[in-house]
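S.K.: One-letter residues, chain by chain:
2 protein chains.
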Amino acid sequence: MYPGTLVQLIENFRKLPGVGEKTAERYALSVCDMNETDVLEFAEALKNVKEKLKYCPVCGNLTDTEICTICSDPDRNKKEIFVVQSAKDVLAIERTAQFRGVYHVLNGLISAAKGIMPENLNIDTLIERAKDADEIILATNTTMDGETTAMYLDKLLQEQYPDLLITRIARGMPSGGLLDYADEMTLAHALSDRRRLK
Amino acid sequence: MYPGTLVQLIENFRKLPGVGEKTAERYALSVCDMNETDVLEFAEALKNVKEKLKYCPVCGNLTDTEICTICSDPDRNKKEIFVVQSAKDVLAIERTAQFRGVYHVLNGLISAAKGIMPENLNIDTLIERAKDADEIILATNTTMDGETTAMYLDKLLQEQYPDLLITRIARGMPSGGLLDYADEMTLAHALSDRRRLK
Numbered sequence: 006m007y008p009g010t011l012v013q014l015i016e017n018f019r020k021l022p023g024v025g026e027k028t029a030e031r032y033a034l035s036v037c038d039m040n041e042t043d044v045l046e047f048a049e050a051l052k053n054v055k056e057k058l059k060y061c062p063v064c065g066n067l068t069d070t071e072i073c074t075i076c077s078d079p080d081r082n083k084k085e086i087f088v089v090q091s092a093k094d095v096l097a098i099e100r101t102a103q104f105r106g107v108y109h110v111l112n113g114l115i116s117a118a119k120g121i122m123p124e125n126l127n128i129d130t131l132i133e134r135a136k137d138a139d140e141i142i143l144a145t146n147t148t149m150d151g152e153t154t155a156m157y158l159d160k161l162l163q164e165q166y167p168d169l170l171i172t173r174i175a176r177g178m179p180s181g182g183l184l185d186y187a188d189e190m191t192l193a194h195a196l197s198d199r200r201r202l203k
Numbered sequence: 006m007y008p009g010t011l012v013q014l015i016e017n018f019r020k021l022p023g024v025g026e027k028t029a030e031r032y033a034l035s036v037c038d039m040n041e042t043d044v045l046e047f048a049e050a051l052k053n054v055k056e057k058l059k060y061c062p063v064c065g066n067l068t069d070t071e072i073c074t075i076c077s078d079p080d081r082n083k084k085e086i087f088v089v090q091s092a093k094d095v096l097a098i099e100r101t102a103q104f105r106g107v108y109h110v111l112n113g114l115i116s117a118a119k120g121i122m123p124e125n126l127n128i129d130t131l132i133e134r135a136k137d138a139d140e141i142i143l144a145t146n147t148t149m150d151g152e153t154t155a156m157y158l159d160k161l162l163q164e165q166y167p168d169l170l171i172t173r174i175a176r177g178m179p180s181g182g183l184l185d186y187a188d189e190m191t192l193a194h195a196l197s198d199r200r201r202l203k
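Going down the list, the protein sequences come from chains A and B. Each residue of the first sequence is one higher than the last, beginning at 6 in our numbering. Each residue of the second sequence is one higher than the last, beginning at 6 in our numbering.
Keep in mind that the hints were calculated from the coordinates and are not lab data. Note that this is a predicted model, so its numbers are computed, not measured. Keep in mind that the hints are not guaranteed to be accurate.
It does not matter which identical chain is used: a pair holds within one copy or between any two.
[What the hints assert, rightly or not] In the DSSO-like style, the derived pairs of lysine-lysine whose C-alpha atoms are separated by at most 30 Å in a straight line are:
(1) K57 with K20
(2) K27 with K59
(3) K52 with K93
(4) K84 with K57
(5) K136 with K93
(6) K20 with K52
(7) K84 with K59
(8) K136 with K59
(9) K93 with K119
(10) K52 with K119
(11) K20 with K93
Just chain A, with the same shape it has in the complex:
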């Protein structure tokens, strides 16, 4: 019912995560109301991401330079490697400004359900990098797939480097959390990993 050009744009918006028919329609119609410069810039930005954005060969983070800004920063401690699932997680940790080491982005998690195997992930370079590391912090999500991946990496790294310090991010109550709303796993961790007050 809509003209073909508009239908095509709607179809494209529908490929974005969580975007259904109605939302795609609203986005496409809003593009009709944008001025031409903005739309051309939008189209250019899309193309640029595909053409210029690459995975950093060192850590697997997204970058538009040869080596990503974190890996090429001489002030970052290269011996402390923070392992995460995706580029989004790097940003989340960087926002806390609490970590001065480097990252390793797996670009996925091991998942039997989704058919993602260790060989589909950016693991080989991690094993390579771990050789010179002091500590590997496993910071995959605390979900089923995240835990599986962390356990897998722990085993793999321990076999290869028996003396390497491998840690997992702390589990327990989130800030502002209410005990009576927390699930059993969270409470169990909060109890078993309790710390002495100084």
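Let chain A serve as the given structure and place chain B on it in line with the hints.
M.R.: Leaving out everything else, chain B in the frame of chain A:
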């Protein structure tokens, strides 16, 4: 913190209606995972909409042909004109398959709050078209701005063509509606516009 190319795409996604920082980020990252053909097609679709899509000079609906498909359809009754706010409304009515006349898209509503005056809307051509019409159905939304616009158009058309039939879409209870949840205006209309059962 993200590479510049990605930040630019995030900024562009943020221009879409209802898209905040987090959603724009999610969309942009999903584009990184798309294959190149899809992304180039997406960019092309954006440009096409701006380059090829125009307002139909007859009715104001969006079209990528000279005259829109509805206006150029010889089977549609050109003497019955259905006046709506936007192209989205045309689609909604077409989906009902209950109307075989033609449309007139105002591309907005008179709104004191948003500073939209009658001269900003596609009204002149409506007055022109109304000359040969049998009926003008005012189908702007039943919101404050929609009612204002309908009243304005009714007055303007009546002055010009005293014999023209001008109607307003029915107001009352929506299908599946519950009386105790309906607002007073809806109930007032449902009562005053009640119909005899046959």
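S.K.: Quick check: which numbered hints come out false for this structure?
M.R.: Hints that this structure does not satisfy do not exist here, as all of them hold.
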